[in-house]
Structures are given as structure tokens and as C-alpha cells.
Amino acid sequence: MNPSVDVLRRQFGGAVHRALVTCGDTIVYVDVQRLRDILGFLKDTAGEEYDYLVDVTAVEYRDMERPLEVVYELYSLSRHAQLRVKAELDKNADLAVDSVVSLWQGANWLEREVYDMFGITFRDHPDLRRILMWETYAEGHPLRKDFPLRGRFSRAEQVRQALNASPESHYSMEELSVADAYYELPADMRERLLRGKRAEIPDPEAP
Amino acid sequence: MDAKRTVELDLATPGVDHAGEVVRFPVGVTESGASGILAPADKEPDLGGDHMLVNMGPQHPATHGVLRLVVELDGEVVLRVIPHVGYLHTGFEKLGEYRHYNQIVPLTDRMDYLAPMSNNVLLALAAEKLMGIEITERCKVLRVIACEMSRIISHLVWVGTTGVDIGAFTPFLWSFQQRELVYNLQEMWTGARLTTSLTRVGGLMADIPDGFEEGLRDFCKTFPDTLDEVDRMLTHNGIWCGRTQDIGVLSAEEAINYSLSGPMLRASGVSYDVRKDRPYLDYETYDFEIPVGEHGDVYDRYICRMEEIRQSVRILEQALDRLPDGPINVDDPRVVLPPKEAAMSDMEAMIFHFKQVMEGVRAPIGEVYMPIESPKGELGYYFVSDGTAKPVRFRVRPPAFINLSALPKMAEGHLLSDLIAINASMDIVMGEVDR
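As given, the protein sequences belong to chains A and B, one line each in that order.
Quick note, the first sequence lines up with residues 1 to 207 if you use this note's numbering.
Quick note, the second sequence lines up with residues 1001 to 1435 if you use this note's numbering.
Here are the computed lysine-lysine pairs in the DSS-like style, where the Cα-Cα straight-line distance is at most 27 Å:
(1) B:K1276 - B:K1140
(2) A:K43 - B:K1409
(3) B:K1094 - B:K1129
(4) A:K145 - B:K1094
(5) B:K1390 - A:K91
(6) B:K1129 - B:K1140
(7) B:K1355 - B:K1129
(8) A:K145 - B:K1129
(9) B:K1390 - B:K1140
(10) B:K1140 - B:K1340
(11) B:K1355 - B:K1340
(12) B:K1390 - B:K1094
(13) A:K91 - A:K145
(14) B:K1276 - B:K1221
(15) B:K1390 - B:K1355
(16) B:K1390 - B:K1340
(17) B:K1094 - B:K1355
(18) B:K1276 - A:K43
(19) A:K145 - B:K1390
(20) B:K1276 - B:K1129
(21) A:K91 - B:K1094
None of these hints come from the bench; they were simulated from the model.
Computed from a predicted model, the values in this text were never measured in an experiment.
Just chain A, same shape as in the assembly (with noise of 0.2 Å):
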């Protein structure tokens, strides 16, 4: 077992919750209210030292009663030891995480995906917006358990939403009031961003 778990036990006390080890890894559950803060504490005290955050993803178990678990993978390159952090969130409860691209930048598009693939939202993150799916995607968060394989929407209302997509939707609403850009924009489309809203996708339930 990785020794840092001994002196996070010490510093944070009962925010620290089991440990474990697999396949030569150690993982500590953390209590996620102070999720930023014990990341926070790795990165920065000499001796633990971990600078280098390896990933961060989350997993949904098949088992649908168990919570959903947001992971970390930390890397110390001065002392070569790797420790894993997991939070549980509680599938009923709100999906949020404090976001740690203040003490890691690599975390911006790794939260942003994670954002994307699971519905987690990441508290103070610069710019969470979806990224390996489109921005106007509707059917979901790929990889929740309660989606199926082939995606919610036909093969036919895909290709027709994306057949009906304006060219405003290939553009971030940030991107679309740069510059000289906006001003040859549409009308209604200069109206639709001043109101800060994007154009309708037709609903495929309704009659």
C-alpha cells in the first residue's frame, strides 16, 4: 500500500474513506466534497509530490445501484509513485465535481470529455463544454450504462438533424461573437446570439 494513503488518513481525517490495492495499484476513495482540496494537497506538499495528473475518467459499474466513480491517476515523476483517487457520486444526487484545471491544465479537455461521455459536471471549469460529440447533441451521455450501443435516435433522424443543421452549429457561441465574423452574420442569427441562444433542434418525440 502506497504511504500517502497514511498521511492523507492524517490530514484529512474521515474525508478519507477505504483503500485498496490491485494489480500492484493503490486506490484511495476520497470523500468528494473535499476531492479538490486532498488533489490539491498531493500536488503541492513536499514529499507527496504528485505533478503529474496521468488521466482522469469516471466509471459506471453494470451494477446500476452502485454510484458513480470519478477517477483520477496520479503520477509523482520525482519519486515514481503512482496513486489512484476515486469519488463516488451518488446517481441520485447531483453530478458535480470540483474542477482541478486550477491545479492541472492537462485536466481542462480530460474533464471536458468526461463531461461529454457521462453527464458529470465539473464545478469552475473554464469552458465545459462537450467535445468528442458535437454541441448540439441530444441523445445523451454515450458512456452511461442506461445507453443503448447503437446511440437513442434512428440512423434516419441522425443523418436528417444533421441535414437540417444551420452553419451556426458548427461554431462555439464564444466563436460566433468574435470579431468581424458577427457582423456578416444573419440577422436572425445576430438576434438569436444577442439573446445567447441557439437555434431549435426539432424535437424527433413530437407529433
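Given chain A's structure and the hints, the job is docking chain B onto it.
Frame of chain A; chain B shown alone:
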């Protein structure tokens, strides 16, 4: 390396000032409250302060696949880059949850399609670590050969295409010709050039055929000459140096903070290589060096990759020298398919064959994160198992995706033409970025 750092002034690009120093414009919020260049160069004509939004890609030859960049420009200076990815999203992670471990192997071919064999090797390694399987000595050495062949072809594609992006066409032809030789060997071994699907849990899909060893030895002997020619064309070339030196600089702290890996991280002066720091496949017993840059610019990334190719040739030679005889698969009928003749004539073998094909290899409850040093950087597979033959979660830690996230930081304040060089220097492969 300092001796190489002379830029021919007459050949310098507009991004270089009269003293040969690269000009990087400070970008931020100006006095008028809008974003822009903070201290415009005197010679720049005043364009009225209008910014331009340029959409580059997804069908653009210099984006190495279907990457789309939305670039905000002030004149020719990049103020902001917003990458859009996902055009090649195939849902490999989702698909992996519906497949046996061996059935995931073909998916990994299609991720980093410039180095498929190292992806295959990692999948087998991760599954074996999860199941606690110890592979044979011959299999280990053959997998090292597969990994290093992948590194050579991937870096050859990189140096060729980056040369084309920056304006050097000849090294592209030379490097692709050499890559073809490795592809021939790959085809000889696996029957496929691209979709190799080389490994299986507990071993390999096939042993190397007759003539493979000689072919690889021959390649290791002749290939360095071509590499030296590419080196002579580029390393001291004034245009190449002017286009790459001091472009897209990241300091060591920034590179670590952005979670970069592979040559991107090492060019910034951080000596982290999974082969040395978290050894697998007995890499600690091979004699090779890890090249580390000091400036963290495009040029150092180029130098690092060129040296890595040379080190890969060294590892290949050592691997060929030590290649032991013996079986390639573990002797465990629950994991490795019995030979076809046995399955057709022996009752027991047929049962094992049936159970493996129909039910798959079961993994114990648990989880594993296994990293290797792929040509792009630290590639890691993360499996979570609930005791069935299919993983609950199959996660790929994609080095190219994470390296790409540092692009806005690197390109800010450079010229648009330098954005091409910076983008090329990351060695992204969109199959892996989008997965």
C-alpha cells in the same frame, strides 16, 4: 546542441526580427478593453484593429486528419486557437464494454493507426496484468520488437509529413520508402499492413515466419544510412531551423502541468519515459538512451524524435540478438486457444476451444491501469472488471488527445504559418484523439 542554433538571417521567416530572434507577440486585453496584441511591432500596418475568424479544417492537409481549428487572427498573428475534435469519434470505449478482451484487439489497431502493433501489445499487457498471467520469454522479446518497429514507422511518418508541412518534400519520400520496408515485415508477420491485430491475451497470434529475422537485421543495417540522409537534409538547414527554432515553446513546468507525454514532454527537458520509469516487457534490461531536449520548441521535438528512431534501432538489434527459442503462448488452455488439430481430435481441447470462443476469457474482479511508451507518448489502458469476460470499463488514456490540448497555449502570439509547424510538431493521430 547550441552549435546548431544559428539561423541564416536572409532565409528567416517574417516571424524573425532583424537580429534573428523569433518574435512572439504578447497577447492579452488591451487598453481599449478588447483582446489583441499588447505591443504591436512598429512596422506592422494598422489594420483598424479588426480581428478575423479563420476556420481551418476538418478537410485541411496540414491538420493531419480531421482536426478543425477555429483561429482568431489579428493581422497574421494568432490570438486564439479553438480546436474542435470528434470528427472521427467511433466509440471504441463503448464498444469495448460489449466485447471479450481478445475481441478488443482489432479495435486498438484503428486507434493509433500509424503504430498499430504497439496498441495491440498494450491491450494484451493490460489484460494479462489484470488476469495475473506471466507471458513467455520469447513472447516478451517479440513484443519489444513489435513496439520498436511501430515507433520507427510512426516517427518516420512524423518526420516526413512535418517536412511537407514546412516545405521540405524530399525527406517525405525517403522516410516513406523506409517505412515501406517495415510494413513489408509487418505484413510478413501478421498478414496485414495496417490492421495487424498482432497480440492475444497470453501470447501472439503467430510466431515470426522464416526470413523475418534476416529481413529485420538487414533493415537495421541499411536504414540508419537513410536516416542520416534525412538528418543531413534538415538538422542544419537554414529554412528548417528558421521555421522550427523557438516556435511553440513550452517550459518544463508547463509541459508537466499540461500532462504532456512522449517527445513533447522530453523536448521540454523532462526526462520521463515509461520504458525507463515504469518498465514493462523487461525494458530495463535493454541498453538505450532517452533523448531530452532543452528548449521545448518544435526543433527540439524534431531532434528528440530523430534520436528516438536511432535508439529504437539499437533496441531492435539487441532484441534480435537475445531472441530465445520456445513457445510464444502461455501453456494455459483456459487462456490460449488450443491448436486446431487438437481441437478437432481431443475432447478436452475442444471443450476449452468452445468455452473460449463462446464465453471468452474471464478476468477476476478488479481494475488495472497499464501504461506503455507509445510513439505518441504515454498510452494507457484502464480496465475495470466485474468478473465477467467483458470489461465494465475500457478506458484509453490517449497521449495525442492530451498533447493536443496544449495547442492553444503554444500557438498564441505566433504567426499563422507557425501554427502549422506547431500543430505538426505534436504528432497527433486523429484516430486516437477521437477514439
